[in-house]
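S.K.: Produce the complete structure using the sequences and hints provided.
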Amino acid sequence: MKPIIAAKNVRNERVKNVDFELMEGTLTTVIGPSGSGKSSLLMLLNRLTDPEEGEISYKGRPMSDYPIDELRRKVGMVFQQANLFDGTVEDNLKFGPSLKKDWDSKLGVSLLQKVHLPEDMLTKDVEHLSGGEQQRVALARTLANDPDVLLLDEATSALDMRTVELIEELLDCLVTEEGKTIVMITHDLKQAKRIGTYTLFMNEGSLEEKGNSKELFNNPTSEALMRFLEG
Amino acid sequence: MTEISNLSLLTMIIFVMIPVSMSYYFSLGISKSAIWSSFRGVVQLFLIGYVLTLLFSLEDWQGVGLWVTVMLVIASLQAAKRGKGVPFAFTLSFVSLLIIEVFVLSVWIVFDIIPFKSEQVIPMSGMIIGNSMVATGLAFERMKNEFNDGRGKILAALSLGAKPAEASKMIIRKTIRASMIPNVDTLKTIGLVQLPGMMTGLILGGASPIDAIRYQIVVSISIFSCVSICAMIISLVTYRFFFNNDMQLQTLGGGD
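Just so you know, the sequences run in chain order A and B. Numbering of the first sequence is given in this note's numbering, commencing with residue 9 and proceeding in unit increments. Numbering of the second sequence is given in this note's numbering, commencing with residue 9 and proceeding in unit increments.
Since the hints were derived computationally from the structure, they do not count as laboratory data. Ideal placement from N, C-alpha and C gives every residue a C-beta, glycine not left out. It is possible that part of the hints are untrue.
Computed list of chain B residues with no C-beta within reach of chain A, every gap over 10 Å [what the hints assert, rightly or not]: (1) 43; (2) 70; (3) 209.
Pair by pair, the computed Cβ-Cβ distance ranges are [what the hints assert, rightly or not]: (4) A:131 <-> B:107: 37 to 45 Å; (5) A:94 <-> B:55: 20 to 28 Å; (6) B:159 <-> A:133: 16 to 24 Å; (7) B:159 <-> A:173: 26 to 34 Å; (8) B:196 <-> A:131: 25 to 33 Å.
M.R.: Pasting the structure below:
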């Protein structure tokens, strides 16, 4: 395995001491208290913000070397809120591919199937979707760009248990079968341990601890992580 | 036209006293400002009356040039207040209002809709600049609000690989639409709910209703067009200020 993303001594006004490597074809979970800089970290990886110090590289080259719109397509992000655009589900799904004039409505159907939504939903106005459906459309919209890296900011928090299981299966499939790299923020510690290969623990803006998920949960070394896991 | 005597004009104090009394009765706390704004309005209008008399006595190009410039500067200052935080808000307002005034005036003169006379050009330009000023200010405000409220959607669009122009498309569309809706509604009910000011003025001045309507059509349609152009210019230029060179959303601060 080789690192697809590497962050070295990254710091900006929200995060500090961020140093890690993301291995290709793995799922990394990010945990930490609210306001600890988890979402800010993902924004850095999608280049929605930039580090003031340090460097983040993608496939061995600094992220700033890539055209930013191309990079964002390759490192896709799903936000905590679905943030769907006005219009139909299809309008949302084709947003990314249409920018490259690369849309085929068959793709829409397969994307909906991936996130376990019925295909007749394609023509439905997003206003009429439930919170869980909106979140799944947001995930499908990002997948439409076929990114190498998928950044998920609490993307399953609005879903019921059964749907969470289905999405976790999908994520597992994306990693094992399609070789995608996933970084997922979650407040559900059981989920973080269950699905993560690696886990990053953020605390007060710092990357306090990182490592293999099972080891990190079973043998936390920092006091902050111990306190956090005790809840 | 029947002249309103000074004595008759003084009876308007009764009308001023009504809101002032209401303010006292309901403790609205606006009695001082009601008296002050009424007094200021009267003085301003008298002054403008004298200024216009002076302007109409000058050569047409001098009168028009002088007063249109004054109107453009005042309107731009007012519109720029709403665009606080947007870089070059005054310059942007001034240039867009100037473009509109030149465009409308050219059409009016070239197609012989009105003659190039101070008495005609100044009041009609005032209506165009005034309405465009409101539209400019609203477009600034709308853009700021939309970029604030729609931040999540813009970030989502950027994260999907959209360039700032593509990510802002929905906001630009909303801003232009919002600026056009009041005018669409006004045009729908024009003359039915309320006789427009210009038409009323012409009829009071002795013009036939049909002639008055012709002028009103020119002004109403011109205003409709100008307001749309204003919103378009402002939104198409200002959206860029909400992004940095790396296509990242930035918060606007500071003044012009």
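S.K.: Out of the numbered hints, which ones does the structure contradict?
M.R.: Those not satisfied come down to hint 5.
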